[in-house]
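Protein chains: 4
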Amino acid sequence: MANSRFQYVRGFESEARLLPNTWIVVRIDGRGFHKFSAKHGFKKPNDARAINLMNAAAVACMNEFPDIVMAYGESDEYSFVFDKRTQLFSRRGDKIMSSIVSFFSSTYVMQWPQHMVDAEGQPEPLVATPHFDGRCVLYPTLENLRDYVAWRQVDCHINNLYNTTFWTLVLKGGLTEYEAEQRLVGTFSKDKNELLFSEFGINYNEEPLMFRKGSVLHWRRIPVTVTKEGPTSKADPTPVVRTVTRQKLTVIVDHCDLLQEEFWTEHADVFTSSS
Amino acid sequence: MANSRFQYVRGFESEARLLPNTWIVVRIDGRGFHKFSAKHGFKKPNDARAINLMNAAAVACMNEFPDIVMAYGESDEYSFVFDKRTQLFSRRGDKIMSSIVSFFSSTYVMQWPQHMVDAEGQPEPLVATPHFDGRCVLYPTLENLRDYVAWRQVDCHINNLYNTTFWTLVLKGGLTEYEAEQRLVGTFSKDKNELLFSEFGINYNEEPLMFRKGSVLHWRRIPVTVTKEGPTSKADPTPVVRTVTRQKLTVIVDHCDLLQEEFWTEHADVFTSSS
Amino acid sequence: MANSRFQYVRGFESEARLLPNTWIVVRIDGRGFHKFSAKHGFKKPNDARAINLMNAAAVACMNEFPDIVMAYGESDEYSFVFDKRTQLFSRRGDKIMSSIVSFFSSTYVMQWPQHMVDAEGQPEPLVATPHFDGRCVLYPTLENLRDYVAWRQVDCHINNLYNTTFWTLVLKGGLTEYEAEQRLVGTFSKDKNELLFSEFGINYNEEPLMFRKGSVLHWRRIPVTVTKEGPTSKADPTPVVRTVTRQKLTVIVDHCDLLQEEFWTEHADVFTSSS
Amino acid sequence: MANSRFQYVRGFESEARLLPNTWIVVRIDGRGFHKFSAKHGFKKPNDARAINLMNAAAVACMNEFPDIVMAYGESDEYSFVFDKRTQLFSRRGDKIMSSIVSFFSSTYVMQWPQHMVDAEGQPEPLVATPHFDGRCVLYPTLENLRDYVAWRQVDCHINNLYNTTFWTLVLKGGLTEYEAEQRLVGTFSKDKNELLFSEFGINYNEEPLMFRKGSVLHWRRIPVTVTKEGPTSKADPTPVVRTVTRQKLTVIVDHCDLLQEEFWTEHADVFTSSS
Chain A
3 MANSRFQYVR
13 GFESEARLLP
23 NTWIVVRIDG
33 RGFHKFSAKH
43 GFKKPNDARA
53 INLMNAAAVA
63 CMNEFPDIVM
73 AYGESDEYSF
83 VFDKRTQLFS
93 RRGDKIMSSI
103 VSFFSSTYVM
113 QWPQHMVDAE
123 GQPEPLVATP
133 HFDGRCVLYP
143 TLENLRDYVA
153 WRQVDCHINN
163 LYNTTFWTLV
173 LKGGLTEYEA
183 EQRLVGTFSK
193 DKNELLFSEF
203 GINYNEEPLM
213 FRKGSVLHWR
223 RIPVTVTKEG
233 PTSKADPTPV
243 VRTVTRQKLT
253 VIVDHCDLLQ
263 EEFWTEHADV
273 FTSSS
Chain B
3 MANSRFQYVR
13 GFESEARLLP
23 NTWIVVRIDG
33 RGFHKFSAKH
43 GFKKPNDARA
53 INLMNAAAVA
63 CMNEFPDIVM
73 AYGESDEYSF
83 VFDKRTQLFS
93 RRGDKIMSSI
103 VSFFSSTYVM
113 QWPQHMVDAE
123 GQPEPLVATP
133 HFDGRCVLYP
143 TLENLRDYVA
153 WRQVDCHINN
163 LYNTTFWTLV
173 LKGGLTEYEA
183 EQRLVGTFSK
193 DKNELLFSEF
203 GINYNEEPLM
213 FRKGSVLHWR
223 RIPVTVTKEG
233 PTSKADPTPV
243 VRTVTRQKLT
253 VIVDHCDLLQ
263 EEFWTEHADV
273 FTSSS
Chain C
3 MANSRFQYVR
13 GFESEARLLP
23 NTWIVVRIDG
33 RGFHKFSAKH
43 GFKKPNDARA
53 INLMNAAAVA
63 CMNEFPDIVM
73 AYGESDEYSF
83 VFDKRTQLFS
93 RRGDKIMSSI
103 VSFFSSTYVM
113 QWPQHMVDAE
123 GQPEPLVATP
133 HFDGRCVLYP
143 TLENLRDYVA
153 WRQVDCHINN
163 LYNTTFWTLV
173 LKGGLTEYEA
183 EQRLVGTFSK
193 DKNELLFSEF
203 GINYNEEPLM
213 FRKGSVLHWR
223 RIPVTVTKEG
233 PTSKADPTPV
243 VRTVTRQKLT
253 VIVDHCDLLQ
263 EEFWTEHADV
273 FTSSS
Chain D
3 MANSRFQYVR
13 GFESEARLLP
23 NTWIVVRIDG
33 RGFHKFSAKH
43 GFKKPNDARA
53 INLMNAAAVA
63 CMNEFPDIVM
73 AYGESDEYSF
83 VFDKRTQLFS
93 RRGDKIMSSI
103 VSFFSSTYVM
113 QWPQHMVDAE
123 GQPEPLVATP
133 HFDGRCVLYP
143 TLENLRDYVA
153 WRQVDCHINN
163 LYNTTFWTLV
173 LKGGLTEYEA
183 EQRLVGTFSK
193 DKNELLFSEF
203 GINYNEEPLM
213 FRKGSVLHWR
223 RIPVTVTKEG
233 PTSKADPTPV
243 VRTVTRQKLT
253 VIVDHCDLLQ
263 EEFWTEHADV
273 FTSSS
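Protein chains in written order, with this note's numbering: chain A, 3 to 277; chain B, 3 to 277; chain C, 3 to 277; chain D, 3 to 277.
Isolated chain A (complex conformation) (with noise of 0.2 angstroms):
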C-alpha cells in the first residue's frame, strides 16, 4: 500500500479490551452544567423538563446499543450498566464508552427543542454547547454493581433532599442564597425534613419520585397490537385484516428504589447468570 512509509505509527495505538466477565458501567457527566443549566433558566430545584430531556437521551442510547441492560440517572449525570457479557467492540473500552457519550450529546442536542419548551410551548433557544465527560468502570459481580447504583441513588437523595430544602428557604422563605446556605450548615436528613415540614407544610417524601430517586431505564417486554392485512388461509385468498399482539422490547422509564430487592428481583434473568 501506498502509505506503509508511515503506517508504523499505527503501532503506537493501544488496543486493550476490558477484563471479560464484569459489568461494565460507562458513567457520563456533564461539564460545566452548572453554568449552563443558569444560562438556559433551568428551575430550581428541579426542572423536569430538562430530566427528562437526559432520559430521552439515555432511552435513546439503550436501542442505539441493546447490550445496555439498565441505566441510572440523575442530575447532569448518566450511568449505563451493560450486560456483563457483551462482546460490543470486542469489549473495546474506549469504543464503547466513547460511542455512548457522542450518542447521548448528539441526541440530547437533536431532542432539546421538543423538551425545553416554554410555557408557551415555544422551545427554548439553545446558547452553550452541552457536553458530557465518560468513564468506563468493571465491576466483577452482581453484589459490587448493586452497590454502584446504590451508590448513586443515595448520592440522589443527600443531593435532591439539600437542594429542595435550599431553594425552598431561599424562593418561598426569602432567604438570600448565603442565608439558607448558612441555615443548613451541620443539618441532618431529619433536621432538613422537619424545617421543610414544620416552616413551609412540605412532606418531602410526597415530592416527585423522579426528583427523589433518580430516573432507573430497563427493558420490558411489552405487548404490541399491529394491524396486518393478508388471506385467512390458502383455501381462502380473500385478503382480511387481523389484528396481531407481540411482545416487543422496550426501554422502560422508571423511579423505583435500587436499594430495595424488588427491581432486582423482577430482573433476575438479566442480572444472574451461569457463570
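These are calculated hints, taken from the structure and not from any lab test.
Only a predicted model underlies this, so the values are computations on that prediction, with no experimental measurement involved.
Watch out, some of these pointers could steer you wrong.
The list treats identical chains as one, so a pair stands whether inside a single copy or across any two.
To be verified - In silico DSBU-like pairs for lysine-lysine, Cα to Cα no more than 35 angstroms straight-line:
1) 41 - 192
2) 215 - 97
3) 230 - 192
4) 37 - 230
5) 215 - 194
6) 37 - 250
7) 97 - 37
8) 41 - 97
9) 192 - 215
Starting from the known structure of chain A, fit chains B, C and D onto it as the hints suggest.
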C-alpha cells in the same frame, strides 16, 4: 458521609494518566457514516457542506480546548493534537477524549442547520443521529507526530483519488457502481489520474485542495480592530471613539501539505520545545 | 528536598492497581528451560528432583506471601492464586508479580543443592542461570478461576502423556527422537495409552500422580506438638516440661484432580465469599 | 485441541505493549533489605562486598539482555535502561521486567559465595532469601532519561553523605544510634561535610567513588587478544600459532558523575538517534 457504605465502589475506578511529555492525539471517527451520508443525500464524491460542518465542529473544539495545537480532518474523521505539555484534566486520557468527542458531536448537531442547506437555502432535516467514536494515541517525538498526520493525509489522498475516479465513472461515465469498481481493480494512482484526464478532461491536481489534502486547523495571531469609546486623557474628559487593533489567537482552516516542511517551519515555536 | 529539580520524573511512573474483588493469578514460566534442563541432565520424561525443587520454591513463596490461597505447578511453570480480597501492595500488579518471581528465583537457586543431587547424594553443579518470566491475570468469578487451573491441569495431562509415550519409544523402544515424533503424529490420547500398554506393558494411569496431575499447593491446619517448660501454676513454681498441641497453617503439596469437585468443596471457606 | 473448553480463560490475559520509541527503565528494589543486611552483618555505612555483588548481578543481566544500554545502581536498587528501539518480547512490559528481576535474583544468590566472603576468605552463609520488586517506567526523551538517572544519583549522594556521617558518629564518635540521629536533625550537606572533617578528619570527597556516586554500567569495545592455531596460507599448510586482537563489547563498571556531560558525550551514538 451518609453514603459511606457504598462508596467503596469508587475504588474500582481507574485514574490512569497519559505518559507526560508526549504528544496526545485524539482521533474521532464517524460511526456508520456511510449510511448516515446516504440517508442525508451527501453529494458524491465530496459534499463541501458536510466537510465544512466537520471543520466548524473542530474549530469549536479548539476554541473550547485551547491546548489543542492543531487538528487534521478528512472524510468523517478528525485528529486533535494536544500540546505535549498539556495538563488538561491532569492528562486523564478518558476525560480528554470523551470531552472532545462529546463537544464535537453536540456542535455537529447544533451547526447542522447553518451548513447543511439545500439550493434554496433551507436546512436539510436531520433524520438520524450522527455520532463518533474516539481514541487517544501518544507520540513521543515530533517525528512520530509528523508521520502520524502524514499517514492521515496520505490516506485522504488515496481515498479521494479513488472516490473521485469512481464517482466520475458513475456520474459522468454512466457506469454502474459495480462496473466502476471493476474498472478500478488493480489500478495505480497514475492510472486513475490518466483515466480522469483522458476520458473526462479532469486534471485531478486542479480539484479543490480541501478535497485532496483534507483540512489542517491551527492557531494564528490575527489583527482584530475594535472600537472603544472613552476619554482621551485625564485632562480632557470628553469621550471620543477610537479604533484599537489587537492580535487575537484565531483558528485557521487550511489545506496545506503536511508532508512538506513549510507548515512545521512556520509553527516551529509550537512543535519544538526544550524537552 | 535537595533533589527536587529531578523529582518530576516520578510523574512518569504508573501506580495502576488491579481491579478489586477479582482473583489474581500470577503465573511464572521458565525461560529457556528446554536448554537449561538439557544442560543439567534432567531425566526424561520427568525428573522428580527438578519438580520437587519447583514445588519447594513455590511452598516458600506461599509462606512468604500468605495471601496466596493456592498454587498449581507443572513442568517449568507455576501459577499462584491470591485471595480475591488481598490488599498486598495495595494490589499493585507489578509489585505483586515481580516480588513472587524474584522470591521464587532466589529460592530455586538456594535450594538447588538439596534437591538436585546425584546417585551418590552429591549436588549437581549449577552451570546456567535459571530464570522465569511472570504475568498477572485477573479472574472475576470462581468459575473462571476453576476453569483457569483446569486449563493448566489439562495442559499438564496432554503434555505428560505425550512426553511419556515419546520418551518410552526412544528410551525403551530404541527409536530416534525423529522416529518417535513421526510415530506420534496424529495420535489421540487413547492411541498413546494403547501404545504404552500393548508395546511396553505400561499402564499410564499407574504413572506417578505428580507427573500426571501436576502439583497443587494449598493450606491446611495441622496439629503441631511443641514442648514447653514452665511452672505448673502460680502456687507451685516447680518447672515442668509439658507438650502442647497447636493447629498450624501449613502448605500441603498435593496432586489431586482439580476438575473434580472434591478439592473445591474441601476448601469452600477459601473460595466462596459473600461478595 | 483437547482442552478447548477451558482455553477461553486465555482471553483474560493482557498483552499490553509499551509505547514504542520511548526509553524503557526497569528499576528493581530490594525488599526488606534493611533486615536482610542486618542479618548478614553488612558493614556500615557501606559494604563493598555487597555492592560488588549487586554490580556483578547487574553485569550478568546486561550480558543476558544486550538491549540494555546502561544500568545504574545504588544501595539495594538497580535501574536498567533499554535502547528506545528495543523489540525485546515485542515490548511487553511484564515479560521484560519479570525476566530482569528474576535473572538478577538468581544471579545474586549464585554469586553470593564469591563475593560475600569473610576475612579468611570463607563465604558467609546465606540465611534469608534476597528478593526484589520491579517496575517499568517509560521516558519519551533523552532529557527525561538523563533527569531520571540524575535523580537516582542525587538520591545516592544524599543518602550516602547522611549514612557516612551517622555511622562515623556511632562507630568513631561513640554516640548511640539515637544520639547520632538527633545530632543530624536539620543539618545540610555542608554541615555534614564540616562535621566529618573538623571532628573526625574525614574529607568526604575522598571517600570511595563507588559509595559516593553509585555504579554506572555501560558497554565498551575492548581489545581482546586470542591465540589461534592454523595454517599460514593455503600454500603452506604448516600450522602456526598466531595472536589475533578483536574488539569485544564488554560491560564496564564505572562510577562517573551522570550530572556532567562527559558520560553522555562519550556515548552519544547510543543515546541519540534520528527519531
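Here is what the structure says about each hint:
Taking CA atoms no more than 35 angstroms apart as the test, residue 41 paired with residue 192 passes inside one copy only; the shortest distance there is 33 angstroms, against 56 angstroms between copies. Taking identical chains as interchangeable, the C-alpha atoms of residue 215 and residue 97 lie at most 35 angstroms apart whether they share a chain (30 angstroms) or sit on different chains (27 angstroms). Within a single copy, residue 230 and residue 192 get their C-alpha atoms no closer than 57 angstroms, and across copies no closer than 57 angstroms, so neither meets the 35 angstroms cut-off. Taking CA atoms no more than 35 angstroms apart as the test, residue 37 paired with residue 230 passes between copies only; the shortest distance there is 29 angstroms, against 51 angstroms inside one copy.
Proximity of residue 215 to residue 194 under the C-alpha cut-off of 35 angstroms is restricted to the intra-copy arrangement: shortest distance 17 angstroms within a copy versus 62 angstroms between copies. For the identical chains of this complex, residue 37 and residue 250 are inter-copy neighbours only, at 25 angstroms across copies versus 40 angstroms inside a copy, given an alpha-carbon limit of 35 angstroms. Taking the closest pair of Cα atoms, residue 97 and residue 37 come within 35 angstroms of each other both inside a single copy (29 angstroms) and across two copies (19 angstroms). Taking the closest pair of Cα atoms, residue 41 and residue 97 come within 35 angstroms of each other both inside a single copy (32 angstroms) and across two copies (24 angstroms).
For a Cα distance limit of 35 angstroms, the shortest separation of residue 192 from residue 215 inside one copy, 17 angstroms, qualifies, whereas the shortest one across copies, 63 angstroms, does not.
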